Amino acid sequence: MKEIVVISGKGGTGKTTVTSSLAFLIENNAIIADCDVDAPDMHIILEPEIIEQNEFYGGFHAEINEKMCISCGKCKDICRFDAIDYKQEVYKINNAECEGCGYCSQICPVEAVKMHESHTGQLFYSQTRFGNNFVHARLNIAAENSGKLVANVRNRAKEEAEKQNKSYVLIDGPPGIGCPVIASITGVNYIVLVTEPSMSALHDLARVVQLIGKFSIPAGCIINKAGMNVQMEDKINTFIKEKNIPLLGKVPFDKEIDIAQSKRKTIAEWNATFKNEFRIILNNIRNLLDK
Amino acid sequence: MKIAIASGKGGAGKTSLAVNLASYVANVIGTLPFERVTLVDLDVEEPNSGLFLNMQMLEKENIKRYVPEYSEINCTLCGKCKEVCNFNAIALLPKNILVFPDLCHSCFACSELCPTGSLGMVEKLTGTISRFIEGSFDFFEARLEIGEPSAVPLIKGAHNFLKSYQSRNGLYIYDCPPGTSCSVIESVKEADLVVLVAEATPFGFHDFKLALETMESIQKEYVVVINKATGDYHEIEEYCTRKNCEIIARIPFVREVSELYSIGKIFIDSVIPLREEIARMVTRLSARNV
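Chain order of the listed sequences is A and B. If you read the first sequence in my numbering, its first letter stands for residue 1, the second for the next number, and so on. If you read the second sequence in my numbering, its first letter stands for residue 1001, the second for the next number, and so on.
You may find that some hints are simply not true.
Here are some, though not all, of the chain B residues that point toward chain A, as calculated from beta-carbon distances under 8 angstroms [claimed, not checked]:
no.	residue
1	Lys1009
2	Asn1048
3	Leu1077
4	Pro1177
5	His1206
6	Glu1238
Hints listed in this document are in silico derivations from the structure and should not be mistaken for laboratory results. Keep in mind the model is a prediction, meaning the values are calculated, not measured. From the three backbone atoms N, C-alpha and C, an ideal C-beta is built for every residue, glycine too.
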């Protein structure tokens, strides 16, 4: 079983467009996972039927028992996150700032500070309208620990892939280069980089390539919105060649893509040209994975 | 006045709006109730605003966070450090202690609760903040060090850095990261008003609703900009009417804008209808600044 993750650095370059099309073409030989837990979108296209839902607890938050508190102020003194307010002679935790480190509960001389597990999201196990199983999640609004939720999504997808004897786990990744991205790529077998011919996308691609360099994972690149700017496309080609990243394929800058999306279809099922292009992309990925 | 430009979805047009808005305000500053305009790029994982601005860098500062460093002298391997760490950043081995700085949240508990002082806190580079200037336009860019897991310490550091550059009657524009989690919350913290950029697509609409819920949960006032509107997608417009939230600008999809964007050029200089829409947005924002 091999894990393939789709990332981009820059948001909006077409990660979900690519992943959902690959999910359609890979048929029932993969478990699909959405690791963009902050703003997950793939369910809009895959229209999953939820089979199982689990609550996710990531990290902790502190609570001060007012009756036990002797107002010594030690907790406020040591808190590095300014998460303890002192108002009208009462010490209180500011939940928005509390990092859940638990230092206050350790230092409190009368054990008035208790740590509670924070409910930070939900994990879903579903079946897509194509019939393949799909693991996705929803991080609560303003919650932390998205990296941990990403790890949970991946673990569940891997377990299912092994149990069902699937060849692949196909992951839609988050934008950026921070903890959810690091959690999405650690230990995967192949990274698909989706970029577009723009200065911003190339700048962001360069940063994400630098990040994956630290993990020594093979990667290939898809240029989305091809035709938007030929010079920028050349620059991207030069850049990936320099970095030894093969071009897996191109997706044209085409209004049809927005129309397909608004009808909640993957672009590979929208028309034969796209379908063919994505078949080539999928074959390229498979061949490179088996190398 | 401080406004934060946010969106759930990446690529919805936050940076495009931020740089065009800031450049427009800088161009016409004499006619506005603002003395200076300051753009701050807080999308620290992938900062792009600077690509659109040709400004001169004045200074660059390193932003650091603190992580423990183990010294085996005096260590009795009591395991207190591991016990108090809620982030699994410390492993207790048979003969020594192992620290994982990437997992550390810099709470200082291990260091200060260690009975033998074997874990001193040392500085670790988390990113940089650069300052650029041109006339009455200031630009700050915060850039995360590659491999650093969390954007939050750097965004906090950037807010602190900015405190020494507050002008009394300035317009501050924060270009925020995508998503709805901790880094977004940290980025909008200082703002009086959040401008939510909604891309007129089903993905854009879905993530816009998440972003809107996020702002409601932290009680931030917000207005909406509908971006890349094509005329046949009305869900966002209808949703805003139902929720009674103000649409402060509508930016239609124009291929020329995408082309300008792709080469790092702002659109206000050449796409007149959009320049006029930005002008109207500024009028509406100025009206709120009383």
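Verification of the supplied hints:
1. A distance limit of 8 angstroms between C-beta atoms decides the matter here; for Lys1009 of chain B the minimum to chain A is near 6 angstroms, and the interface restraint holds.
2. Because the closest C-beta pair between Asn1048 of chain B and chain A is about 4 angstroms apart, less than 8 angstroms, the hint holds.
3. Interface hint at Leu1077 of chain B: violated, since its Cβ lies 19 angstroms from the closest Cβ of chain A, which is beyond the 8 angstroms cut-off.
4. Here the hint on Pro1177 of chain B is kept, as its CB sits about 7 angstroms from the closest CB of chain A, short of 8 angstroms.
5. Annotation: His1206 of chain B was flagged as interfacial toward chain A, and the flag holds, the nearest CB pair being 6 angstroms apart, inside 8 angstroms.
6. With its C-beta approaching chain A no nearer than about 15 angstroms, Glu1238 of chain B sits outside the 8 angstroms limit, and its interface hint is violated.
Hint compliance for this structure: hints 3 and 6 are broken, all remaining hints hold.
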